[in-house]
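Novice: What follows is the residue order along each chain.
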Amino acid sequence: MKKQGISIIEIMIALAVTTIIAVPLLYLYQSGMKSSTSGVVSIDMLSEGRRICTQMHDDLKNSCIPYHGGFAMRFCDLLEADFSRAEGLSGAEYRLYRHTTAPELLKKDIDGRKMLLRPVMHVRYRLEKLQHSDLLKLVRIESSDGAPERIKVLSERVSFLNIQPVKIKEGGEQGYLWNVKLQLAYIPESIQAGFALSSSDRGRGILINDFYDVVYSDFFKSVSQNPLAPRNWHTGLTFQRH
Amino acid sequence: MTQRTRGFSFTEVMLAAMVMGLLVIYVFTLISESNRGTASAYHQYVAEQIAREPLEVFRFLGCQRVRENLGQSIADYRFNEWQKIETVSAATGIERPEDATAFERKITVTPLTRDDIEAILVQVSVRPLHGGAGFGAGLEQLNRSTIIVSQP
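In order, the protein sequence lines correspond to chains A and B. Residue numbering for the first sequence follows this note's numbering, beginning at 12 and increasing consecutively. Residue numbering for the second sequence follows this note's numbering, beginning at 882 and increasing consecutively.
It should be emphasised that the hints constitute simulated quantities derived from the structure, not laboratory data. You may find that some hints are simply not true.
Said to hold, decoys possible - Pairs of lysine to any residue, SDA-like flavour, derived with a Cα cap of 25 Å:
hint : chain 1 : residue 1 : chain 2 : residue 2
1    : A       : Lys178    : B       : Thr973
2    : A       : Lys119    : A       : Tyr108
3    : A       : Lys180    : A       : Glu91
4    : A       : Lys180    : B       : Leu1002
5    : A       : Lys192    : B       : Ser970
6    : A       : Lys72     : B       : Arg933
7    : B       : Lys987    : A       : Val191
8    : A       : Lys192    : A       : Glu59
9    : A       : Lys45     : B       : Leu903
10   : A       : Lys45     : B       : Met901
11   : A       : Lys178    : B       : Thr1027
Construct the complete structure from the given sequences, taking the supplied hints into account.
Specialist: See the structure below:
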């Protein structure tokens, strides 16, 4: 007699076999997806952090003090860190003046003297609170004479930023450089986290990339070591007499 | 009369399980390789910054001041020996990320003189500590160098 259809036992066995195969496959698929997402985010954070550090390095390297007459200058005048309106890091602002990369010089009349000076622009790095996130937004605002402000959002996953001076003492002389520390993070929605994460937080599923840099101001180094050096020492053009 | 085959033979089931096992192992290897690649890109960046740090400091100090201190160390940068990286430099206060402690660094400074021009060649090597994460991709050591010429 020919058997018709399939029995309940056969269906149950087929279901059991399918489940045994499907469960690890599903787990594999999920962990693959998770790993792929974290890989993409991590690479994205790395390139974002590198971009920010390169930009900050360039800004700090070209930082200067605008000429208002006189030669006195202090290292602390190069960069202003304003935490007066900040809650934690949110609202904090770093401000500096920097030389532009433009090759032209500007004609300026200061104290009756006609001068040729290198163009200067004002740069601000501002940390802003983000809605629905424990992380901060880092914005760079660039402004120069007569030009509209250029605002650029550099990152929306900053968990820590600090630019502080460090002192190098050698042979009875001392000099200052900046130490930049930046931390970017990716916090999954299910996790609550604060600022300045440590590497132990990685075990909780948080992705953390730390960046650091050391940089000095070309302008300040040249002018502080040679107090009578012209402000636009690098051009060879200084004063234009009447 | 032909005999009808019922169900799978033991060999068929074993073959299917083997193919499936190989597939799973391949996917897991792929995932772990991808993770290692991502981590290695980050570690390479940290190593790059560790190598650039003394180059920037020595450029700041200038050729003359580095030449004068060749017999000793400058701040806590020691010459010609592998040195572990600390999170905070005791001499300068430079702060580094925790991940930097997985590396060690060697600085070599060679004085150069040609005609009346004096210079130094600064070579920095960075490698992972034994048992550390490493760079992956067959890279065992990262080298960076610069020449700093004495200002007239």
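Novice: Sort out whether leucine 903(B) lies within 25 Å of lysine 45(A), counting only the CA atoms.
Specialist: OK: lysine 45(A) and leucine 903(B) at ~21 Å, within 25 Å.
Novice: What's the verdict on lysine 72(A) and arginine 933(B), does the C-alpha distance respect the 25 Å limit or exceed it?
Specialist: Holds. Lysine 72(A) to arginine 933(B) sits at ~14 Å (cutoff 25 Å).
Novice: Quickly compare the C-alpha distance for lysine 987(B) and valine 191(A) to 25 Å and report which way the hint goes.
Specialist: holds, 23 Å
Novice: Within a Cα-Cα threshold of 25 Å, do lysine 119(A) and tyrosine 108(A) meet the stated pairing?
Specialist: It holds: about 17 Å lies between the C-alpha atoms, which stays within 25 Å.
Novice: Lysine 192(A) and glutamate 59(A): Cα distance at most 25 Å?
Specialist: Cα-Cα ~14 Å, so holds.
Novice: Lysine 192(A) and serine 970(B) were given as a pair; does the straight-line alpha-carbon distance stay at or below 25 Å?
Specialist: holds, 14 Å
Novice: Given the hint that lysine 178(A) pairs with threonine 973(B), does the C-alpha gap stay at or below 25 Å?
Specialist: holds, 6 Å
Novice: Compare the distance between the alpha carbons of lysine 180(A) and glutamate 91(A) with 25 Å, and conclude whether the hinted pair is satisfied.
Specialist: holds, 23 Å
Novice: Hint check: lysine 45(A) vs methionine 901(B), CA-CA at most 25 Å. Holds or violated?
Specialist: This hinted pair holds, its Cα atoms lying about 22 Å apart.
Novice: Does threonine 1027(B) lie within 25 Å of lysine 178(A) when you go C-alpha to C-alpha?
Specialist: The hint holds at about 22 Å.
Novice: Sort out whether leucine 1002(B) lies within 25 Å of lysine 180(A), counting only the CA atoms.
Specialist: holds, 22 Å
Hint check: no violations occur; every hint is consistent with the structure.
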